[in-house]
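Novice: If you read the protein sequences in the order shown, they are chains A and B. So in full-length UniProt numbering, spot 92 of the first sequence is number 92, and the numbers just go up one at a time. So in full-length UniProt numbering, spot 238 of the second sequence is number 238, and the numbers just go up one at a time.
By construction, these hints were calculated from the structure, which means they are not laboratory data. Being a predicted model, the structure only gives us computed values, none of them experimental. It cannot be assumed that every hint is accurate.
Pulled from the structure, derived: some chain B residues nowhere near chain A, Cβ distances all over 12 Å [unchecked claim]:
#1 E279
#2 E369
#3 M380
Stretch-level coverage of chain A by chain B, calculated; a stretch enters the list once three of its residues show a Cβ under 8 Å from a Cβ in chain B [claimed, not checked]:
#4 43 to 54
#5 122 to 132
#6 138 to 152
Ideal Cβ positions, reconstructed from N, Cα and C, are used throughout, including at glycine.
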Amino acid sequence: MNPKRFSSSTRPSTTVKSRFACGFLRALWRINRQRRTSTSASSREICRRYLRVKVAADVSMASAVGSRRAWSRAILLRKLRNQGQNGTVRVRRMSNIPRMRKRNICGNKCTEEVAGTCQAEQLRKLVPGGEEMDMCNLLGETAHYIECLTTQVNVMRRIAEILST
Amino acid sequence: MQPCSREMQGINSLLNPTQISLQDLHDQQQQQQSQIQSSQIHHQVQNSHFDPTSHDDFLEQMFSTIPPPSCSWSDLNPAKTPAAWDLKPRDLSDDTAPLNPDNNNNVAFQFDDSANLASKLRNHQISGSAKSAAAAAAMMLQQQLLMSRGVAGAGDSGLIPMPLSLGSADDNVDGSSSFKSPNLRAHDDSVQALFNGFAGSMHGPGQTPNQTQHFHHSQGGPVQGQNYGSPAAAMNQAPASGSAGSAPAQPRQRVRARRGQATDPHSIAERLRRERIAERMKALQELVPNANKTDKASMLDEIIDYVKFLQLQVKVLSMSRLGGAAAVAPLVADMSPEGGGDCVQAGGGNGGAQRNQTASSNDTLMVTEHQVAKLMEEDMGSAMQYLQGKGLCLMPISLATAISTATCHSRNPTNRPVLQPNGGEGPSSPSMSVLTVQSATLGNGTVDASVKDSTSVSKT
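Take these sequences, add in the hints, and give me the full structure.
Specialist: See below:
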């Protein structure tokens, strides 16, 4: 069905891309199985399914990357936390203490106040796990995150193409 | 005593004029005292065999470890009788003369060795007595001395034999303690002189005037720091701050000349940090398209926008997974304004690379158009979802026009009028128009780079 699916016994190439493709397809398959069983057409169901697919995409990406990177660790931690809460999606901030540090870190480095929020703050909000990082690490994480996002987008687009034809 | 006067001169040369005034005040006293004490010390040296021998052993160790400098250290035979102690200062004083002509490095090197010795002695003494405050002060003094030596090559021959001891500084709690030091043990001086040079800047930690006793314990009451290099930075600050007003010009000049680039660890750390950040920014520049901005702030803006755009793409693609034309109206309605705004961005370049469809896709595009038009009649949301499933986006006509003119300005007359009829196909939202420039241009049969550009623009 999917040319990208590798059997677990043979792993010819374990690039992030292939690992992500495997994981994501498996998750999709699981979700579609659920979908077939339930004949829900309500927008709420669709909403939930969409969220599930998105989370599956993120999580499979993070697990493909592994825990080498702070952002992937943050995503996986978030998933674990949400699982513990029976699937209700809640992103809990670790603590407020890092905020002060973040502000201190940001205060000196902020060259421009964009709409009242520092650019570094914005970046921290975007990149998962970026709340407690200093500027230097944040930029490194952002670079890797952008790389993986592009991979993710390309793979998903290709899958969409294949599935929709 | 001549050594004493030389020492005093040395001190004078090193300290700033303000201290010299103090010096003058205490000169006479100290000279007298020094004479007295030096004689006392001599007595002690001669009388106490045991202590010097113990120190001799100590010195042996140190001499063995220290690489023989060009000075007369090797001449000193610690195995000798207490006479060696007497010899030491004299030897040093003799050697300092020939040494001075040597290059400053040599001098500094010797001082390092002697400082090494001194440090060991200090450590030994520290174990014997607790005078950490004095030790710290002495350490700083020594470093200051070393630095001054190294930089200015201060030909203060008098300094070496100068029987300075920070311990003695306690006698004068004020900065003038250094002047008192010359009066002390001559034998100590050779080692102690190193870090007792600027006792004036260092407050003499409270120590008993009985420095002579300490002679046994230490060749310099204050403990000695091991590394002179790194504290050099601290030294820079120490003399600057600790000695408020004491030789601000002289030591600082020397330090600056010696150090070269960085002034203190803070600036070094900051510089490193800034360099690292610049590296990361450069790496990011390559990842993010349209990264021709030189300004850091605008670069950050670009990065933020690009990350937002990529995340949006993931969302859109995950929605299209749901398949079918089932309208996810609320979601799509929310997504479409964002999608319309962002889809036009550089992401088009990414998608376009993959989907550089040429004339072969002409038919599919026409079909898509019709399909979209049909969907739009029933429900805007479903139309949106259909479009996004295909990887297309809706955008205002004005924006589409701007993009098309930007990408294919060379063949404007053919492209622009094409948009208008397309705009009319969307009755429910006249302000929005499916960007089908590529279909029109393809229909015209002009397949070229500009068409591909517009194609890339339309596809998300």
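Novice: Taking the hints in turn, state whether each one holds.
Specialist: Here's how the hints hold up against the structure:
{"no.": "1", "hint": "E279", "verdict": "violated, 9 Å"}
{"no.": "2", "hint": "E369", "verdict": "holds, 17 Å"}
{"no.": "3", "hint": "M380", "verdict": "holds, 14 Å"}
{"no.": "4", "hint": "43 to 54", "verdict": "holds (count 7)"}
{"no.": "5", "hint": "122 to 132", "verdict": "holds (count 4)"}
{"no.": "6", "hint": "138 to 152", "verdict": "holds (count 10)"}
Hint 1 from the list above is the single one not met by this structure.
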